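J.: Protein chains in written order, with the numbering used here: chain A, 1 to 196; chain B, 197 to 437.
Hints are supplied without guarantee of correctness; some may be wrong.
Claimed, not checked - Within a straight-line C-alpha distance of at most 25 Å, the following computed DSS-like cross-link-like pairs (lysine-lysine) qualify:
no.	chain 1	residue 1	chain 2	residue 2
1	B	Lys224	A	Lys76
2	B	Lys212	B	Lys224
3	B	Lys397	A	Lys63
4	A	Lys143	A	Lys63
Claimed, not checked - Computed footprint of chain A on chain B; a stretch qualifies when at least three of its residues, placed anywhere within it, have a C-beta under 8 Å from a C-beta of chain A:
no.	segment
5	278-285
6	389-395
Simulated from the structure, these hints should not be mistaken for laboratory data. Model, not experiment: these values are computed from the prediction. Glycine residues also receive a C-beta, built at the ideal position from the N, C-alpha and C atoms.
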Amino acid sequence: MPPLPKDSNLDSDVELVRLALADSDDYARIVEKYERPLLRYVLRISNISREEGEDLLQNIFLKAYQNLRDFDSSLKFSSWIYRIAHNEVISNWRKKSVRIAEVSLESAEAAQLLKSTLDIPTTTDERFLAEFVHSILAKIPQKYREVLILRYLESKDYAEISDILHCPMGSVATLVHRAKKAFELTAGEAVLNKFI
Amino acid sequence: MQKLSEKILTEIKKRKLAPHSRALFLVKNYGIWVLALIALLAAAIFVGTFSAELLQAEWELLPHFPGGEMNFIAHTLPIFWLATILAASAFAYFLFRRTKHGYRFGVLAVAGGIFVASVAGGISLLATPLPPQLHALRVQNFPPHFEESEWMDPEEGFLFGEVFSIEEKLLILNARDASVWNVDITTAKIPPEFVIVIGEKIRAIGTKTDDTNFTADFILPANPRQLERARFERNMPMRAY
């Protein structure tokens, strides 16, 4: 795979797709661009090991490759491939018939999520905070957990979340609002239980 | 350690994977649209038939119907067509949500759109012979339930029986309970398409004047659907007594 010329428009996803369709070797560019964010997303929304996550990621990229001609350039490529990842994670859960009980988050991510959802200063010890956020996320419903991760950790806007979760934009706004409320409520109860 | 991109390219080559053809996705995407439109068209046809059946119902009998207004509605409401409308609309909804961008629309927008389109389509189809034909087919294959006994209650103003003889403005009726009645039809409303003949079973609504005499306000064929079918077949407008 030759290096990308600097003046080209090859970092455009549509162009990358066009190249990958012409030559499968060029699909490596797409994999390289998305492997980190997708692995992070898969691990965040599912309770699987890194090794399992990488296997899942491989399936995601193979599936995306086979369906490359179904990519609609009116959508963001990232939304399209996140959708495939979302579906693969769900299908993996179904195969294993397990409910997600934990979420993989870095301490800094936990702090970021807590700050975004509860609007509180997060000067507390990061490790404690991460554990706290993990326990809260494990308690709220999966639909809320995923939308919080997409919105506040993956920094997706409502239109992108709508394309990834396949629900109307209005419903995304409602979902985010309810997810924040659920997070807030669960966090409040957890704090009360700890101190009373 | 092998890079993921290399592993994936190796896997693609090993399994000889290739992107599916564009035609496959076009067939799938357009196929869903075509099926959704067929379901919508079916819903519109069923709305047309439902409306036709409602329009042809014996609304004039509403205040006089045995068992009251609720019984009239229970007998008149085309439940069969209502069920088909709901099934076709639900299928159209299901398919529309599975089109490429169908998820972007809210439940109310999609359901409302299907409702408006099927009602508009159904009303337009009322001008065609399709709804009456479908209705006739349904009545022929699944005759509606009709309870003769409900119409045999002279005290309440209902008579049901077979015409024994016809005099100028008087019918001799062999009633369902084997009693014989002189039915005065001087002021009775009779559907123009209904020709009373000897041996025909009829319904009468009116007032019992004594044990053998009855003054009719309405004379109708035995089965309400009989009249509807006659109207549909003759493409007659709404009833006119």
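J.: For every hint, state whether the structure bears it out.
T.: Checked hints:
1. B/Lys224 with A/Lys76: holds (21 Å)
2. B/Lys212 with B/Lys224: Given pair B/Lys212, B/Lys224 holds - Cα atoms ~23 Å apart, limit 25 Å.
3. B/Lys397 with A/Lys63: The hint is violated at about 70 Å.
4. A/Lys143 with A/Lys63: Given pair A/Lys143, A/Lys63 holds - Cα atoms ~24 Å apart, limit 25 Å.
5. 278-285: violated (count 0)
6. 389-395: violated (count 0)
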